[in-house]
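Work out the full structure: start from the sequences and follow the hints.
Chain by chain, the residues:
Number of protein chains: 2
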Amino acid sequence: MTDRLLADFLAGRPAALARAVSVVENHRPGFDKLLGAVHSRIGRARRIGLTGPPGAGKSTLTSRLARTYREQQLTVGVLAVDPTSPYTGGALLGDRVRMEEIALDRGVYIRSLATRGALGGLSAATREVADLLDAFGFDRVLIETVGVGQSELDVARTADTIAVVLVPESGDGIQALKAGLMEIADVFVVNKADRPGADRLRRDIDTALHYRPPAAWTPPVVSTVGVTGEGILELFAALDGHHQYLVESGTLAVRRQARLRERVVDVVDQRLKARVWDDPTAAEWLAARLAPLAAGETTPFAVADELLERQFKRGHGNDGHA
Amino acid sequence: MTDRLLADFLAGRPAALARAVSVVENHRPGFDKLLGAVHSRIGRARRIGLTGPPGAGKSTLTSRLARTYREQQLTVGVLAVDPTSPYTGGALLGDRVRMEEIALDRGVYIRSLATRGALGGLSAATREVADLLDAFGFDRVLIETVGVGQSELDVARTADTIAVVLVPESGDGIQALKAGLMEIADVFVVNKADRPGADRLRRDIDTALHYRPPAAWTPPVVSTVGVTGEGILELFAALDGHHQYLVESGTLAVRRQARLRERVVDVVDQRLKARVWDDPTAAEWLAARLAPLAAGETTPFAVADELLERQFKRGHGNDGHA
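Line by line, the protein sequences are chains P and G.
With my numbering applied, the first sequence corresponds to residues 47 to 368, in that order.
With my numbering applied, the second sequence corresponds to residues 47 to 368, in that order.
Please keep in mind that the hints were generated in silico from the structure rather than gathered at the bench.
Here the structure is a predicted model, which means the values were calculated and not measured.
One or more of the hints may lead you astray.
Identical chains blur together in the list; that is why a pair holds if it fits in one copy or across any two.
Derived lysine to any residue pairs resembling SDA-like cross-links, with alpha carbons at most 25 Å apart [said to hold, decoys possible]:
#1 K79 x R356
#2 K319 x R248
#3 K319 x G103
#4 K79 x F347
#5 K319 x R356
#6 K79 x A340
#7 K319 x E355
#8 K79 x D325
#9 K319 x D151
#10 K79 x R59
Take a look at the structure:
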């Protein structure tokens, strides 16, 4: 079944892409074989992250940008990373509707990615699925994520170029500073730039940039109005400009090697965890130790060491490593 | 040196507490011995998380609450978890100044905790340091964190009782819903309740609560004005009310066992990672494989498996487990 899926994927069938993304997203059997088999095809797509506070208009910008790329005959994969919980799930529905107009175009693929807990982190999942989109042949992979916390910033960092989208609303500049968005921006976007306060926000960004340590690249600040499309060509140009800088400075190769390094670290991490927790008796064994732990008769360290010894002794008969 | 530190800690010396927190926060040698040695003393403190968007007034409320506990002759440890980056470091300075008035009281200990990357996650660090404060004998441990992302919500979840602090400002209710704050709230606080829009926010919260799946506990909504202290006694009572519910329903024991389980999972995770990455030659070995990886000559899975085999073969001479 994976062989057939792989063949269809390599033949460029959209249905195979959708199935492959599901297999990888949920780490279903064969996901590693699939990712391994397409690995030699990655590295062609430019990965562009769009991040910023909720309500900054990232989805509209993403959709505008996708359309602009299509007008240049470039294909686009969009990965919307959604950190919402199961209970409030479906937050992307509105965004999806907005994207519908471009979703019928075969040169565009849109996928949302939910929180991945046990399977090893949201940024790991983003790297894996972005690899798939890259290998499938998309010229651009747009990664849209809300820039509100540590894990979400890690998602944005999986891109080659990061656009931080802000809007002229109360204290947005200061909030962005606090949230660590300033450090990761390669390009700033002042969206909804027709609103009052846009000039003030630009000045706040300029001021914040002055406090950045000296760097080879100074992020340009682009003003846009997502709903009308104003400024999208400037954003397009700024993203191209950063890509050119990445290539000429050698930074692109460095970023991509760092990402490959992270991919290996992710796999090591997942394999190690699986070694302990894929065994259903491990959780049972631990559950039986919670009462003595609560009573202070043993410690988390003693229990952890005992568990490791148990799992690795068991494993010896099964395979070589570990 | 750890023995001396441990003795001073057990004797209740504040300087020993500060040193112990540093040892644990940075995972310096002996941190596990220290945590293990005090493990039997944890479980007495009530752990209360205060979370919410930036600017909600969490620090002021925390400081007010600490003072109220002191008036009841209860000692308080405050753990301010700061996810800001190195570049924007020191964001807590303003809050610290605000807390200065209570900081001279020996019955209060205030500590900020920065992002922990390689050492295994911010929520793991929070659990460890909160254990120390608990073991030191504080009656209440207040964990203040900004509720803006997945990792930050995980920090809040380390508490027995979680107070979600919101302010009547544009769209705050909706944002909170999106950010997953609604699901984790045991108590809601409408802070800055003297501002316009406070009633609207209360209604938004009530509406959101209607969409929650039926549960044994319905979070009360408390209105406060942090700067004047209005409503602090009601918050105090609401937190006590939730604690009483936790005890009577048996939920407290369940939450604490879940936390102990997480502690073991943290340690297992850290030990496994250390087994691979504490060996400096592992990073060198991986660095040499990045070029073939980038060239598509090998895959992250093949490299990861090779690395695991390498590290675990090496390890066999050193110790029993793994």
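Margin query: Checking each numbered hint in turn, tell me which of them this model violates, lowest number first.
Written below: 2, 3, 9
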